[in-house]
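Using the sequences provided together with the hints, build the complete structure.
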Amino acid sequence: MSKPLKQIHLAAHFPGVNNTTVWSDPEAGSHIEFDSFAHFARTAERARFDFLFLAEGLRLREQGGEIYDLDVVGRPDTFTVLAALAAVTEHLGLTGTINSTFNEPYEVARQFATLDHLSGGRSAWNVVTSWDAFTGENFRRGGFLPQQERYSRAKEFLATAHELFDSWHGDELLADQAAGEFLRDAKAGSFVHTGHHFDIHGRFNVPRSPQGRPVIFQAGDSDEGREFAASDADAIFSRYATLEEGRAFYTDVKNRLAKYGRRHDQLLILPAATFALADTDAEAQELAREVRRQQVSGATALKHLEFVWNRDLSSYDPDGPLPDIDPAVGDHHISEGRAQVRMYRDPLATAREWRELAAAHHWSIRDLVIETGNRQNFVGSPETIARTIDEYVQADASDGFILVPHITPTGLDAFADKVVPLLQERGVFRTEYEGPTLRHHLGLAHPDDVGGERRAAS
Amino acid sequence: MSPSSPASPSSPLHLAVALDGTGWHPASWREPVARPRELFTAGYWAGLVAEAEHGLLDFVTFEDGLGLQSSHHAELDDRTDQVRGRLDAVLIASRVAPLSRRIGLVPTVVATHTEPFHISKAIATLDYVSTGRAGLRVQISARPHEADHFGRRTVPPVEDHDSPVLTDLLDEAADHVEVVRRLWDSWEDDAEIRDVATGRFVDRDKLHYVDFEGRHFNVKGPSITPRPPQGQPLVTALAHGTVPYRLVARGADIGFVTPHDTDQARAIVAEIRAEQENAGRAAEPVHVFGDLVVFLDDDPAEAAARRDRLDTLAGEPYTSDARIFTGTPAQLADLLLELRSAGLTGFRLRPAVLGHDLPAITRGLVPELRRRGAFRSAYEAGTLRGLLGLARPANRYAAV
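Quick mapping for you: the protein sequence lines, in order, are chains A and B.
According to my numbering, the first sequence is numbered sequentially starting from 79.
According to my numbering, the second sequence is numbered sequentially starting from 329.
Keep in mind that a hint or two might mislead.
One-sided and incomplete, this derived list gives chain B residues near chain A with beta-carbon spacing under 10 Å [said to hold, decoys possible]:
1. Arg358
2. Pro360
3. Glu443
4. Ser551
Result set (SDA-like, lysine to any residue): computed pairs, CA atoms no more than 20 Å apart in a straight line [as the list claims (entries may be wrong)]:
5. B:Lys548 <-> A:Gly135
6. A:Lys265 <-> B:Pro472
7. A:Lys265 <-> B:Asp476
8. A:Lys332 <-> A:Ala350
9. B:Lys548 <-> A:His247
10. A:Lys265 <-> B:Arg480
11. A:Lys233 <-> B:Phe478
12. A:Lys265 <-> B:Ala402
13. B:Lys534 <-> A:Glu140
14. A:Lys265 <-> B:Lys534
15. A:Lys81 <-> A:Ser413
16. B:Lys534 <-> B:Ala726
17. B:Lys548 <-> A:Ser413
18. B:Lys534 <-> A:Arg139
19. B:Lys534 <-> A:Gln472
20. B:Lys548 <-> A:Arg139
21. B:Lys548 <-> A:Arg218
22. B:Lys548 <-> A:Glu134
23. B:Lys548 <-> A:Asp210
24. B:Lys548 <-> A:Ala211
25. A:Lys233 <-> A:His274
26. A:Lys265 <-> B:Ala726
27. B:Lys548 <-> A:Phe222
28. B:Lys534 <-> A:Ile145
29. A:Lys265 <-> B:Lys548
30. A:Lys265 <-> B:Asp406
31. A:Lys233 <-> B:His473
32. A:Lys332 <-> A:Leu346
33. B:Lys548 <-> A:Glu140
34. B:Lys548 <-> A:Arg416
35. A:Lys265 <-> B:His401
36. A:Lys265 <-> A:His247
Hints are computed from structural coordinates only; laboratory data are not their basis.
These figures come from a predicted structure and were not determined experimentally.
We treat Cβ as the ideally placed atom computed from N, Cα and C, and that holds for glycine.
Shown next as structure tokens:
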């Protein structure tokens, strides 16, 4: 008997602060006005996607000591926009990225529990860490956290939030008007947490929400990040959307689950993925090239090269060869407020490698940045993209994808209309939502189920 | 120049309703109309806001707090016979924003334990999702048990309304408001340029560091959220004494005050206007709204009986910082017009039982005021500032 087909999970990442968001296209709309979010969310819900995803940034990026002005800049507050989206959707999960460094557990737990109530059980929290003093300059405590403690704070933050969510069991609200008993338990919401990062106690003031706790996402890729996901998350937002990298990551993370007493299906792996969709494969290839040119202007290419060289390259010609000077190595980085720069752990080696690549292919600076980054994960006709996504998921390169279109807010429309029906025909994507909550869509058990054995979808 | 009132004594008055649980009387949840089991659903709040909008009210406020409700100020009471638990007010306001069209939405935020950076972008976003109808009500927390929820500071016991502890918390709240306001202005309105020729999405010269340095915190800026539709959403505060009146005069667009008669109202208004002058804000319109708790029935005896019945259920007479009114909509209209003569420009009514007294306001009081030429018959503006006769402020950072 052949293995049953895995069901694909799909989510929609609202395109925002990133050079992959093409703002110069005549079709590009506002990334701030609520109508854009509402359009995007309704498209995702019409396509029966699992959830909508919002990224976060708590300080405008800077490069060379100036605010970075080439990408989309600005975004609304995550909780506030998700609460409003709950009013214009019925099923779509609402996933917000919320930092564990410049927030406090009581407040964040209240906001997620509230969002879960107000959405009827559709909230999810992508727990991210931050530590840098640059972001800290916008907050009361400043840059208080050493880098090596960011995961320790994140883990304790999440554990504390779970203690708050669990401080109400769900049966406390009697609201018995005749007897005059509103609460069954005079101590509802009591909690005490004593730890390295948090020493708090009292009463949580939001009763248990439909999902008990929000669904937990994790997004870091370091060894610590992977362990954090394996021990504590329901889903991981990864960046490995290619077949081989995806399979390697999938195997690595799923193999870490056993030591925490967890099964393979208790952690979903969902890479971010971009796509270029057209009627035919050839047209899609052409579109993909065109979009990459729009994403990487000459100015953008120079700025991206500066991430590695860590010095001002504005005097170089983006259509000319790569600089033959070496990167500046040091603690200070020319770019601030951007996680991406930490990817280049050995800038001298990267510079060497890029110079060789460019020389071999006769690439200019701009060509190199286009060719080494920003390549769309899925390029093709609806048939090609549906088949590829299905193949990747069945081959355990992921459990699905979080799609990031390059146009706001209509970038998902064609995917919803043309690719989703093909996935449904293949029998690998839902035609109707399985239940009202995000846990239902993701096949995750409700935390109150004894032993967590009963599948929410069953 | 004498400090500015946004309205003359005969101009139409403004009306807001303060939403809290099932109503302001602690036994309100036991009334058949109360729907206490729905308090934690979106539909409950959407229904209340729709009713207030039906009455063409200027705005609703949403109460909040970072601890469980209590009948004592400084500590929890462990009672099980009253409403306990509440949802985050900013998120409730945001959840109902797409379902309403004209009414202002003013959630409470606690300045003592929150980050002004987060609050600024949250209220700016509320302004975007409501297309120009957002405000905030700034509140301090002097409750030790709420400080314990954060573990970052202790709050010593508070003796009276002008204690040094409160003065300090209010100073911090004033800084909080100042930072929030600067962050709203940290993007000029036309900062987003999408200039394809130069490849620039924003003009960085129109983005501004706020560089706030204060006793309690420093904030760099700019905001991550562009300047909201109203430029400056509405800042409001409830005030009961000289120190909070100063906060209103220095930083707010509306102060909610609690006079018990016309003379007291006149004295409070004079004090706020004097503080406005001291703060160099004499030319800026600042509304002073009277807060009243209301029990409204067509027969005054019925309203009084209802209050007695609820007091009996609660086991004690209801008291409030605000004047408690029992009577008919016509009697309330008389009282409001009398108080208006003392310089109040509007009122925030606290319905004793939301399910009963809110419709009594929208369907009884409002038509009564309208008959007397003292209230609008249609929404005359698309933003909350517009409804209140407040202009869209110029950006403090924009080059003249």
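Hints, one by one, checked against the model:
no., hint, result
1, Arg358, "holds (5 Å)"
2, Pro360, "holds (7 Å)"
3, Glu443, "holds (5 Å)"
4, Ser551, "holds (8 Å)"
5, B:Lys548 <-> A:Gly135, "holds (15 Å)"
6, A:Lys265 <-> B:Pro472, "holds (18 Å)"
7, A:Lys265 <-> B:Asp476, "holds (16 Å)"
8, A:Lys332 <-> A:Ala350, "holds (18 Å)"
9, B:Lys548 <-> A:His247, "violated (41 Å)"
10, A:Lys265 <-> B:Arg480, "violated (23 Å)"
11, A:Lys233 <-> B:Phe478, "holds (17 Å)"
12, A:Lys265 <-> B:Ala402, "holds (17 Å)"
13, B:Lys534 <-> A:Glu140, "holds (15 Å)"
14, A:Lys265 <-> B:Lys534, "violated (52 Å)"
15, A:Lys81 <-> A:Ser413, "violated (48 Å)"
16, B:Lys534 <-> B:Ala726, "holds (7 Å)"
17, B:Lys548 <-> A:Ser413, "holds (17 Å)"
18, B:Lys534 <-> A:Arg139, "holds (15 Å)"
19, B:Lys534 <-> A:Gln472, "violated (50 Å)"
20, B:Lys548 <-> A:Arg139, "holds (13 Å)"
21, B:Lys548 <-> A:Arg218, "holds (10 Å)"
22, B:Lys548 <-> A:Glu134, "holds (18 Å)"
23, B:Lys548 <-> A:Asp210, "holds (14 Å)"
24, B:Lys548 <-> A:Ala211, "holds (11 Å)"
25, A:Lys233 <-> A:His274, "holds (11 Å)"
26, A:Lys265 <-> B:Ala726, "violated (53 Å)"
27, B:Lys548 <-> A:Phe222, "holds (15 Å)"
28, B:Lys534 <-> A:Ile145, "holds (11 Å)"
29, A:Lys265 <-> B:Lys548, "violated (41 Å)"
30, A:Lys265 <-> B:Asp406, "holds (7 Å)"
31, A:Lys233 <-> B:His473, "violated (25 Å)"
32, A:Lys332 <-> A:Leu346, "holds (9 Å)"
33, B:Lys548 <-> A:Glu140, "holds (13 Å)"
34, B:Lys548 <-> A:Arg416, "holds (17 Å)"
35, A:Lys265 <-> B:His401, "holds (18 Å)"
36, A:Lys265 <-> A:His247, "holds (11 Å)"
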